[in-house]
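Line order of the protein sequences matches chains A and B. For the first sequence, counting from 1, position 97 maps to 97 in the working numbering; every step adds exactly one. For the second sequence, counting from 1, position 687 maps to 687 in the working numbering; every step adds exactly one.
It is worth saying that the hints were derived from the structure and are not from the lab. Note that beta-carbon positions come from the ideal geometry of N, C-alpha and C, so glycine has one too. Any given hint might turn out to be false.
Just so you have them, the derived chain A footprint on chain B, three or more residues with Cβ under 8 Å [claimed, not checked]:
1) 75 to 84
2) 225 to 233
3) 521 to 527
4) 671 to 679
5) 689 to 702
Mimicking EDC-like on lysine to aspartate or glutamate, the simulated pairs with C-alpha atoms at most 20 Å apart in a straight line are [what the hints assert, rightly or not]:
6) Lys-691(B) - Asp-353(B)
7) Lys-205(B) - Glu-91(A)
8) Lys-254(B) - Asp-18(A)
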Amino acid sequence: MPQLNVNGQTREVDVPDDMPLLWVLRDELGMTGSKFGCGMALCGACTMHLDGAPVRSCVTPVSAAAGRAISTIEGMESDRVGQVVQQAWIENNVAQCGYCQAGQIMTAVGLLKTTTAPTEEQIDGAMGGNICRCGTYPRIRAAILQAADRLAQGGE
Amino acid sequence: MSTTIQLSRRRFLQGSLGALTLAVTAGGLVTIVRAADADSKKYGADSMPGGTVDDPLVFVSIAEDGTVTIVAHRAEMGTGVRTSLPMVVADEMEASWDRVRVVQAEANEARYGNQNVDGSRSMRHFLMPMRRAGAAARQMLEAAAAARWSVPVAEVKAVRHEVVHPSSGRRLGYGELAADAARQPVPGTEQLKLKARADYRYIGKNQVRLVDLEAIGKGQATYGMDMRLPGMVYAVVARPPVVGGKLRRFDSEKALAVPGVVKVVEIPAFQGAPAFQPLGGVAVVARNTWAAIKGREALEIEWDDGPNGGYDSADFREALTKASRATGKTIRDNGDAVSVWNDAAETERFAADYYIPHLAHASMEPPVATVQIKEGRAEVWTSVQNPEAARTAVATRLKLKPEDVKVNVLLLGGGFGRKSKPDYVDEAAIVARAMPEGTPVKLVWTREDDIHHDYLHTVSAERLEAVIDKSGKVRSWLHRSAAPTIASLFAEGAKGQQLFESAMSAINMPYRIPNVRVETAEVAAHARIGWFRSVANIPHAFAAQCFIAELAHRAGKDHRQFALDLIGPARQIDPGDMADTWNYTESPERYPYDTGRLRGVIEAACQGAKWGRELPRGHGLGLAFCYSFMSYTATVVEVAVDEKGGVRVLAVDMAMDCGPQINPERIRAQMEGGAVMGLSLALTSEITFEKGRVKQSNFHDYQVLRHNASPRVIRTHLVNDDHDLPPGGVGEPPVPPVAPALCNAIFAATGKRVRSLPVGTVT
Ligand code: FES
Ligand code: FES
């Protein structure tokens, strides 16, 4: 019976050890911001952070997340980088259907936390695992570059 | 419900019996009726189920605090209609957008008019009704204010959420006028005073962001997949791996032993043609999605594959190619293309074969529906393109009256044509019926389900033959297309493309060639053939647009100039003068084929890409263009091909003329997205069958474009913006020119012709 730390809050769940974190959050905890797109770590829609690093929660057993800091799209409003990225996403009108965007944002935040001024190649490398079937890639790229600029200027 | 695809106008006018209308009726059954039975005078929105509604009392309500609530009656799948249509209403009624709230309509076409977001029709059919609804609301507010002040209505004016009386300086906010305005008579159409273009605040102005934009970025937007209700159970279905297959026997013991699994429910296989019926199989119901998936893995099932068990893509490709090389059924015939070909010298003949495989839609949100049945009523929460069809399916399945079925429309995580078929909603209804009364059931498709059991884009072999003389003049053109038809979805055994498919970029083409023949071959379907963003334009435009580039090369001419010469001077063509054809349901008088507009987008795309410029070795520019869904598009792709044949798309220039540009920012988004989807299908996507089964299963083997392969530069060029023209479609038209432009660019870069998709690496 793992205890989870999600966006700074402790949550009790009663699920099997091998249940992927994605389904625990979505079905058991009602946190539906992280999306199901493939279930095989192929699309990035389910991206969350474990101790600050992006993971594909659809293949992360809940047991691997116990005792670690889980952060999700729902927590990004109170994350300094998260806020800047979310704002850049709005200003660039990135979303079309929007379904992939939570995952895109989580991966982008992960990138900008480790790489403050990413090159085009670094963006390709980090974002390659996040599919957008609507084809918002050019705007995602623009939003990441803008967010990086903002963060370099110290922020908001 | 009756989804009517009117296939021909002219044949009916001529009184011939050839024209067919597919009418999809209640149970997903289909009647094929002669067009003579349908009302041939109805075009556009009037020909759609539900038609249009422009009643302001249906679409607009105003609260005392001035909040204006506008109903979005069409589903949001990423095109922006949930924002753009209410924006049109707000503009006409002089509502301030920051005081507008948008609510989503449930399924009810009798109340709202047609709700099926399909065929790039939302703005095309609802721009004017939404303008009228907004103008009527504005005039009712003005009338209410004039009555309050006892002044002639001509002296007052609605301006930014209030009505003013300039001569006295009096003003009243919309909230203060709401109750009185609602009691005013709704002005008739002839009394409406629509805004002049110069007075638009939002239309054409890029002032309005998506209503869901912020919620999406915060993970707070609710998609069909996100529906939750107390006591909800989750279901996944094991479906027959072959279309038309049946359950021979199954054992659910091990599945039921999986912790969390609560029930196993048999889903009946479809009868007759597949239509929108479930494929059949076994549903596993559990306390959460994961347990349902584990339970399904534990099912023991034996299938009877049925008649499509031998479907094999390699074999079928051969059969299609063979069919595309034999004489087919003539559907356009001008002059005598056959004799000209037969009499031509070998050196003047040129022929090429093209191939386009099945494609899966693979929207990021797989199909999903939640159904709850309680006290003789059913409630549905789902992401569907066609809510009324979902309501019909559930009502029919549960033997309820449609008014006892409520379909709540949540956001769609993409649709692309897949989600206009509500088979998954029907499945959810079947499972909900098997559960204790009142249990909400969320039925989820996994990605594997989605890829294995899609309503696929067809597969085609396209044969083109032309006679081109020494001066580079094209004397004859033959386009023969062999592909299973969408009609097979509704009529068992239907073979050969219907007019509405052939019309798309095969019949409907404007080249000045004296001898033209278009033929279609009769081939059977062995999968569920659906419609995929831009439909038959994909294969037809791919073949024809590559072929024109090949002819230009043979003639030793610049492709752009050759194409413009082939199109000829600006003129308007009634598509009905080409052949008995289909004009996307629109009136040919209102929507003629305008070659001037086609020339305009070709010029714009070429200009944007600096056509004709010097390029490094291994780089190439390619052009293609298309007219579809009443809009004109042209694309120039720049590629670099490395020594190993690896293709890298460096830039895409896309030009579009869709007539009036209502929400240009979203139009550009659709063009960018269309470029990416077009490149996906051009470069990597392919569905193949073996032993009747789809071989691909997820994004590792059904590959779509990713960030790293996506061009870093996509330049969009919006052309014309003529508000005197009727609107054209936006969602689909960007797709068709992309693949041929890419292959033409590869040729320019390497001298190698790719005539078969996906390109993969160039060898
Ligand atoms: S759902 Fe996890 S990567 Fe696709
Ligand atoms: S915005 Fe639709 S999948 Fe990315």
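Each hint tested on the structure:
Residue count for the stretch 75 to 84 of chain B with a Cβ under 8 Å from a Cβ of chain A: 5. That meets the three needed, and the coverage hint holds. Given as covered by chain A, the stretch 225 to 233 of chain B passes the check, having 3 residues with a CB less than 8 Å from a CB of that chain where 3 are the minimum. Restraint check on the stretch 521 to 527 of chain B versus chain A: 0 residues with Cβ-Cβ distances below 8 Å, three needed, restraint violated. For the stretch 671 to 679 of chain B, the stated coverage by chain A is satisfied: 6 residues place a CB nearer than 8 Å to a CB of that chain, which reaches the threshold of 3.
Counting residues of the stretch 689 to 702 of chain B whose C-beta lies closer than 8 Å to any C-beta of chain A gives 3; at least three are required, and the coverage claim holds. About 26 Å separates the Cα atoms of Lys-691(B) and Asp-353(B), which puts this hinted pair outside 20 Å; it is violated. Between Lys-205(B) and Glu-91(A) the CA atoms are separated by roughly 16 Å; this keeps the pair inside 20 Å, and the hint holds. Of the pairs offered as hints, the one joining Lys-254(B) and Asp-18(A) holds, with about 18 Å between alpha carbons and a cut-off of 20 Å not exceeded.
The structure does not agree with the numbered hints 3, 6 stated previously, though it agrees with the rest.
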